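J.: Spelled out from the first residue to the last, the chains are:
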Amino acid sequence: MTIREKDVPNISEVVKALSERDQEISDLKAKLLKWESTYERANKRKAVFNSGSGTEISPLYTDLDRAEADPGLLGLPGNYPYTRGPYATMYRSKLWTMRQFAGFATAEDTNARYKYLLDHGQTGLSVAFDFPTLMGFDSDHSRSLGEVGVCGVAVSSTLDMEELFEGIPLDKVSVSMTINGPAIILFCFYIAAAEKQGVDTRVLRGTIQNDILKEYQAQHAWIFPPNPALRCIVDMFDWCSENTPKYNPISISGYHIREAGATAVEELAFTLANGFEYVEKGLESGLDIDSFAPQLSFFFDVHNDFFEEIAKLRAARRIWARRMRKVYGAKNPASWRLRTHCQTAGVSLTAQQAENNIVRVAYQAMAASLGGTQSLHTNSMDETLALPTEKAARIALRTQQILAYESGIPNTIDPLAGSFYVETLTDNIEREAEIIFDEIETLGGVVPGIESGWFQQKIAHSAMRQQNEIESGERTVVGVNQFTEGSESIEIDTLKIDKEVEKRQIAKIVALKKSRDESKVSECLSALHQACRTDENLVPKILECARSYCTLFEIRDVMQEVFGSYKEPVFF
Amino acid sequence: MSEERRVRVLVAKPGLDGHDRGAKVIASAFRDAGFEVIYTGLHQTPEMIVSAAVQEDVDVVAMSVLSGAHMTLFPRVKELLGQAGADNVLVTGGGIIPKDDVKELEDMGIGRLFGPGTSTKESIAYVKEWFAIHAVSR
Numbered sequence: 012m013t014i015r016e017k018d019v020p021n022i023s024e025v026v027k028a029l030s031e032r033d034q035e036i037s038d039l040k041a042k043l044l045k046w047e048s049t050y051e052r053a054n055k056r057k058a059v060f061n062s063g064s065g066t067e068i069s070p071l072y073t074d075l076d077r078a079e080a081d082p083g084l085l086g087l088p089g090n091y092p093y094t095r096g097p098y099a100t101m102y103r104s105k106l107w108t109m110r111q112f113a114g115f116a117t118a119e120d121t122n123a124r125y126k127y128l129l130d131h132g133q134t135g136l137s138v139a140f141d142f143p144t145l146m147g148f149d150s151d152h153s154r155s156l157g158e159v160g161v162c163g164v165a166v167s168s169t170l171d172m173e174e175l176f177e178g179i180p181l182d183k184v185s186v187s188m189t190i191n192g193p194a195i196i197l198f199c200f201y202i203a204a205a206e207k208q209g210v211d212t213r214v215l216r217g218t219i220q221n222d223i224l225k226e227y228q229a230q231h232a233w234i235f236p237p238n239p240a241l242r243c244i245v246d247m248f249d250w251c252s253e254n255t256p257k258y259n260p261i262s263i264s265g266y267h268i269r270e271a272g273a274t275a276v277e278e279l280a281f282t283l284a285n286g287f288e289y290v291e292k293g294l295e296s297g298l299d300i301d302s303f304a305p306q307l308s309f310f311f312d313v314h315n316d317f318f319e320e321i322a323k324l325r326a327a328r329r330i331w332a333r334r335m336r337k338v339y340g341a342k343n344p345a346s347w348r349l350r351t352h353c354q355t356a357g358v359s360l361t362a363q364q365a366e367n368n369i370v371r372v373a374y375q376a377m378a379a380s381l382g383g384t385q386s387l388h389t390n391s392m393d394e395t396l397a398l399p400t401e402k403a404a405r406i407a408l409r410t411q412q413i414l415a416y417e418s419g420i421p422n423t424i425d426p427l428a429g430s431f432y433v434e435t436l437t438d439n440i441e442r443e444a445e446i447i448f449d450e451i452e453t454l455g456g457v458v459p460g461i462e463s464g465w466f467q468q469k470i471a472h473s474a475m476r477q478q479n480e481i482e483s484g485e486r487t488v489v490g491v492n493q494f495t496e497g498s499e500s501i502e503i504d505t506l507k508i509d510k511e512v513e514k515r516q517i518a519k520i521v522a523l524k525k526s527r528d529e530s531k532v533s534e535c536l537s538a539l540h541q542a543c544r545t546d547e548n549l550v551p552k553i554l555e556c557a558r559s560y561c562t563l564f565e566i567r568d569v570m571q572e573v574f575g576s577y578k579e580p581v582f583f
Numbered sequence: 096m097s098e099e100r101r102v103r104v105l106v107a108k109p110g111l112d113g114h115d116r117g118a119k120v121i122a123s124a125f126r127d128a129g130f131e132v133i134y135t136g137l138h139q140t141p142e143m144i145v146s147a148a149v150q151e152d153v154d155v156v157a158m159s160v161l162s163g164a165h166m167t168l169f170p171r172v173k174e175l176l177g178q179a180g181a182d183n184v185l186v187t188g189g190g191i192i193p194k195d196d197v198k199e200l201e202d203m204g205i206g207r208l209f210g211p212g213t214s215t216k217e218s219i220a221y222v223k224e225w226f227a228i229h230a231v232s233r
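Going down the list, the protein sequences come from chains S and W. All the letters of the first sequence, read from the start, carry residue numbers 12 to 583 under the numbering used here. All the letters of the second sequence, read from the start, carry residue numbers 96 to 233 under the numbering used here.
None of these hints come from the bench; they were simulated from the model. Any given hint might turn out to be false.
[What the hints assert, rightly or not] Computed, partial: chain S to chain W, Cβ under 8 Å: (1) 231; (2) 361; (3) 478.
Remember, predicted model here, so these are calculated numbers, not experimental data. Using N, Cα and C, we set each Cβ at its ideal position, and we do this for glycine too.
Isolated chain S (complex conformation) (with noise of 0.2 Å):
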């Protein structure tokens, strides 16, 4: 098969075939007019046809709801502007990236279950920090007690990140780090442990997550306010263009901001604008956007709307591809072209009937598929009790290996193009999204945002709005308010972090600073913080802390010295 390089479409080839399916469509109106008094007669269960949204859903799309739109908005995967596909040739080349989210315990630890994923055919690794390290505190300070290993691996220097992938050949195998506060020191604690492998920087894959203003906005793991925060990212745009160009620097996230309580429009949004105020920092301080818009990245939520969230993802691409290159004047594809992760919703998993989650991140990886995903994570079944077992995490990893090797699913592009439905739907969300930003302007922008509260307070409105919708029963959630067994029916097996991890990461970093060169550190922190003072880029001199096993509280502190921390407002 061959694929037609052809861009953009002939309007007027476009129009002519229009006017020749006038009478057709006419037709088309008289039936549907028949169709709709049958419709209003019949007998209609009882129940909310709206979608996740809470936008109205009509019983039946047909080509009348698209008759006007312009088939310049569809085009051919790989090609402005990119509806159909980043690629031109989609999962036909290449499948998803399989990339489980895993981390716990020590470094030690979590390396060993990096190698058995790797072993059961993983294609990448992602990596889950714990609390103290996502907040930028080291495991033995006072603030991690309780904390260290248990919601992922504790990182607390260079040392740490050279164990956690001890026997992984960095230049192979892509890796992508959740991290965002502390984000510009984690990195160069990998960019360090890379350089102990003998890699070279320049071929690196990955991404890290970096994404600090969705942290204000809903997940909450910051350090630093948002102008210092910002810096560090487009010091980081401008370090990772020149030095890691395989690599990218930022995953702009909609995820988190969706388990946090947005709608699938409003994570779209709020994520979309985001990224255009990283563009525009990075555009601010000088730098070309062809020179960084390319490894942009980004991660979205794959949630129980079917259809919307497909279509969302469509919606995105196309929403971003015109920005890129309309308003910030990008030339190069590659910076029109948006490429995301997606993660099915954990917040969607139930802890009655544990085992049903199965079903739901089955169908929710099957909608990120369907939408063009570059990347999946599936949920086990046991993330609303514990960590996943490692069994729980074989099940999600061969989730995705049915739905690449069996369902037939990957074989066409786009599949669902075409679908009267899915393109209104695409086209509706491109235009509530639209709305939503406007909005956002006339807050002044994403940061007075923030500080207002205002996407903070959407946020929470939308939990509750659901959590009513639960308890009233409009919205039904399988095993938890309908078809529910009473009191806990399944007992099934989790996870458990051993005490003795604390005791022994402290021990480590009391070992390490035995150790290390501290003449060394002190001069290399105190460069940071002379770098901090000014407009410095700030990639280099952290580096030189992580050669010399600064610690990550060490780094940190000292960049708190200057730039302050960040002060939430506080409201529900």
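Once you have looked at the hints, place chain W on chain S.
T.: Chain W in isolation, oriented as in the chain S frame:
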């Protein structure tokens, strides 16, 4: 008579965990149920929570923990409340807390702990019931 008095609840997020969806939903639901609600905001140490509880003279401390650090945080808050002479305050909460841990915490004198999927009505009813029995002694 104490039934005239409204229940005062401190909704708290202890530890480093930033997942506040549940805490905010429960704070709003408690408020709608007529409780007086104080929400601490994120990243609170047990010391900060207890000091707020004492200062605000609350009846109930409701903590949301999704970080897995519940075995450290719940007992610590309970212990500090005792030290502050406030051991009549109910310590309850919710989050991702495995069943065995719930049992262990309840044995230590922590109140009921609610898991995912709990209706807000259920936790409201629990607090009201507790208050009806215990408020008199305050």
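J.: None of the hints should be skipped; say for each whether it holds.
T.: Structure-based check of all given hints:
Satisfaction of the interface hint for residue 231(S) is found here, the shortest Cβ-Cβ separation to chain W being roughly 3 Å, below the 8 Å cut-off. This hint holds: residue 361(S) has a C-beta 5 Å from the nearest C-beta of chain W, less than the 8 Å allowed. Checking residue 478(S) against chain W by beta carbon gives a least distance of about 5 Å; that is within 8 Å, so the hint holds.
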